[in-house]
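2 protein chains.
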Amino acid sequence: MTTVGVIGGGQLGRMLALAGLPLGVACVVVEPSADAPAAAVADVIQAPFDDERAWAELARRCDVVTVELEHVPIGALAWLAERVPVRPPPAAVQAAQDRRAEKEAFAAAGIATARWAHPAATFAAGTVVKRRFGGYDGRGQVVLGRGVPVDGTLDGDCISEELVPFDRELSIVAARGVDGTVACYPVVENRHYQGMLRTTLAPAPALTPSLQSRAASIAVALAESLDYVGVLAVELFDVGGTLLANEMAPRVHNSGHWTIEGAATSQFEQHLRAVCGWPLGSTEHRPTAMVNLIGAPPDVEAVLAVPGAHLHLYGKAPRPARKIGHVTVPAERLLQLEAVLAT
Amino acid sequence: MTTVGVIGGGQLGRMLALAGLPLGVACVVVEPSADAPAAAVADVIQAPFDDERAWAELARRCDVVTVELEHVPIGALAWLAERVPVRPPPAAVQAAQDRRAEKEAFAAAGIATARWAHPAATFAAGTVVKRRFGGYDGRGQVVLGRGVPVDGTLDGDCISEELVPFDRELSIVAARGVDGTVACYPVVENRHYQGMLRTTLAPAPALTPSLQSRAASIAVALAESLDYVGVLAVELFDVGGTLLANEMAPRVHNSGHWTIEGAATSQFEQHLRAVCGWPLGSTEHRPTAMVNLIGAPPDVEAVLAVPGAHLHLYGKAPRPARKIGHVTVPAERLLQLEAVLAT
Numbered sequence: 003m004t005t006v007g008v009i010g011g012g013q014l015g016r017m018l019a020l021a022g023l024p025l026g027v028a029c030v031v032v033e034p035s036a037d038a039p040a041a042a043v044a045d046v047i048q049a050p051f052d053d054e055r056a057w058a059e060l061a062r063r064c065d066v067v068t069v070e071l072e073h074v075p076i077g078a079l080a081w082l083a084e085r086v087p088v089r090p091p092p093a094a095v096q097a098a099q100d101r102r103a104e105k106e107a108f109a110a111a112g113i114a115t116a117r118w119a120h121p122a123a124t125f126a127a128g129t130v131v132k133r134r135f136g137g138y139d140g141r142g143q144v145v146l147g148r149g150v151p152v153d154g155t156l157d158g159d160c161i162s163e164e165l166v167p168f169d170r171e172l173s174i175v176a177a178r179g180v181d182g183t184v185a186c187y188p189v190v191e192n193r194h195y196q197g198m199l200r201t202t203l204a205p206a207p208a209l210t211p212s213l214q215s216r217a218a219s220i221a222v223a224l225a226e227s228l229d230y231v232g233v234l235a236v237e238l239f240d241v242g243g244t245l246l247a248n249e250m251a252p253r254v255h256n257s258g259h260w261t262i263e264g265a266a267t268s269q270f271e272q273h274l275r276a277v278c279g280w281p282l283g284s285t286e287h288r289p290t291a292m293v294n295l296i297g298a299p300p301d302v303e304a305v306l307a308v309p310g311a312h313l314h315l316y317g318k319a320p321r322p323a324r325k326i327g328h329v330t331v332p333a334e335r336l337l338q339l340e341a342v343l344a345t
Numbered sequence: 003m004t005t006v007g008v009i010g011g012g013q014l015g016r017m018l019a020l021a022g023l024p025l026g027v028a029c030v031v032v033e034p035s036a037d038a039p040a041a042a043v044a045d046v047i048q049a050p051f052d053d054e055r056a057w058a059e060l061a062r063r064c065d066v067v068t069v070e071l072e073h074v075p076i077g078a079l080a081w082l083a084e085r086v087p088v089r090p091p092p093a094a095v096q097a098a099q100d101r102r103a104e105k106e107a108f109a110a111a112g113i114a115t116a117r118w119a120h121p122a123a124t125f126a127a128g129t130v131v132k133r134r135f136g137g138y139d140g141r142g143q144v145v146l147g148r149g150v151p152v153d154g155t156l157d158g159d160c161i162s163e164e165l166v167p168f169d170r171e172l173s174i175v176a177a178r179g180v181d182g183t184v185a186c187y188p189v190v191e192n193r194h195y196q197g198m199l200r201t202t203l204a205p206a207p208a209l210t211p212s213l214q215s216r217a218a219s220i221a222v223a224l225a226e227s228l229d230y231v232g233v234l235a236v237e238l239f240d241v242g243g244t245l246l247a248n249e250m251a252p253r254v255h256n257s258g259h260w261t262i263e264g265a266a267t268s269q270f271e272q273h274l275r276a277v278c279g280w281p282l283g284s285t286e287h288r289p290t291a292m293v294n295l296i297g298a299p300p301d302v303e304a305v306l307a308v309p310g311a312h313l314h315l316y317g318k319a320p321r322p323a324r325k326i327g328h329v330t331v332p333a334e335r336l337l338q339l340e341a342v343l344a345t
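Read top to bottom, the protein sequences are chains A and B. Counted the way our numbering counts, the first sequence spans residues 3 to 345. Counted the way our numbering counts, the second sequence spans residues 3 to 345.
If you are wondering where the hints come from, they were derived from the structure by calculation, not from laboratory data. Treat each hint with caution, since some may be false.
Said to hold, decoys possible - Pair by pair, the computed Cβ-Cβ distance ranges are:
| id | chain 1 | residue 1 | chain 2 | residue 2 | range |
| --- | --- | --- | --- | --- | --- |
| 1 | A | H194 | B | I76 | 49 to 59 Å |
| 2 | A | T5 | B | A109 | 37 to 47 Å |
| 3 | A | A344 | B | R117 | 57 to 67 Å |
| 4 | B | T5 | A | D53 | 45 to 55 Å |
For every residue, glycine included, the Cβ atom is placed at its ideal position computed from N, Cα and C.
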């Protein structure tokens, strides 16, 4: 039995733990909330992320420690890394916490992004101002009207980016093993609704070998530059076929949930294989669509009546704008699923 | 949240519970042993199967009750069935406990079997004597030499069967919903080693539409005759293309484990869909092989290095002749997997 410590016990921790059991991997999660989705299938240390006793318990019980979210005290990861392997490395998690450090990580790996400024400044083509720390799911950012000054649009420390006229938002999920091997899933297209990911199409429509190869090069360059181990996601803007990196996630990612049924190895198993030092799995795949369930629970019977549909509920109480689950279907069934979810 | 009571907390209960969580199904298992494989993912009522307080707790907590093994006190199931839906029905479970009742159930459904006798008698072509109650995995049965009298070969109540010169052992796993809909997986071929299932090939090599259709007719006839709800397996002898029913299992079955990765819907999810009264899932599938891990644990890294391999450990301590897990691979990788497992 291998024990993996996971910082965070949300749906990502839950799906990691579900993937772990058949592999002989037990997950122990640190999670502040009392009703963590992961609790159904993992041991939970209920504690704030900055609780030193929780770190000590993780270090004592686990063979390796990983994260299911990036907003983790870096001091905790650094302390843990002196006692037990921490994968991905703390510096990679730190880069994803801080939009300035993230841009610098992309630059250090030779990866193109939109132009940016810190302290925030305006760009003639249009400007997006983003909170430097703590934003997610479209929160903590504002698009400025032309000529609006940056100051005072958001509280605290912000960076600004040039508004890019992108055609679509893509992402690539990759995994890097302890031995440096990298396995990439296909580039996917992500469609958002009210700032939250609603639908992922895998592979992205009209994905060419060239686009896949350029996206994979970005993931590989970033992973190598960060000496990364585990699953990593990079969000990309497709601007007339040119790829610009937008954000990175040092963890399994919502745009990779389709891999549970759509790929030979799910991103969750892949992450565990990587952090345990085991061989990476096959990323062979079939055309698949994933739709997030946001806010209200679906009609379970109607969803299950869609041929090939797979329901994933996270055990979370419904609440507006809360991701409570997702549904995966063969790509050709997406419209049928959307019709069911709309009723 | 739907709560399903499962009598038995072994690997089948564990895999049912794993399949349940994403569907919003919580499993509560009754299991006498302290280290039940299902405990990692289900609530366990640790009690003997004939413990009346355990039955009462199941009836109180569960929306529906099912079994992961057939050797369950029928009195308990009958008591439960007066209080909560029990699926499959107790009579179907009883038929699988008693080799005489099983043969009679096949006959009542118009399904051909080898000739049999109870009390046991000898057949000119050769005779297998089987314990009437409690045998499994090849235990509790003896093949008689010609002219050997039946008496005294096995303790207790036995039936005998004519030894059939079969070409191979097949099985079919089917599910019947509350509305009477039946969904069949493809016929598979099962290869045994020392009386235990070692390898399943899905679909069975050289499976013809005719053979599939005849096996499916057997499963449908049996399920309808028993007013069955849930997943059901029928073991078949292929005797020169003629099918004879050998045994039935009123539950998910080892020869259906390949469906976790090889079919659109796993037998575990399918069983839960059926007993919860939900629509059955697609049985679309790809050529897949499953190998049981018996006795000793495998070299995890070597198994995971086989492309497309999926490891399923049950959390059981290794012990000779004990099923501790299984591995599923794309059919074309079977030899590669066997080479790894042989070392």
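Is it true that the C-beta distance of A/H194 to B/I76 lies inside 49 to 59 Å, as the hint says?
55 Å, holds
Taking the beta carbons of A/T5 and B/A109, is their distance inside 37 to 47 Å?
Roughly 53 Å apart at Cβ, these two residues miss the hinted range, so it is violated.
Starting from the range 57 to 67 Å, see whether the pair A/A344 and B/R117 falls in it by beta-carbon distance.
59 Å, holds
Taking 45 to 55 Å as the hint, is the beta-carbon distance of B/T5 and A/D53 inside that range?
About 33 Å separates the Cβ atoms of B/T5 and A/D53, which means 45 to 55 Å is violated.
Violation of the numbered hints given earlier is confined to hints 2 and 4; the remaining hints are satisfied by the structure.
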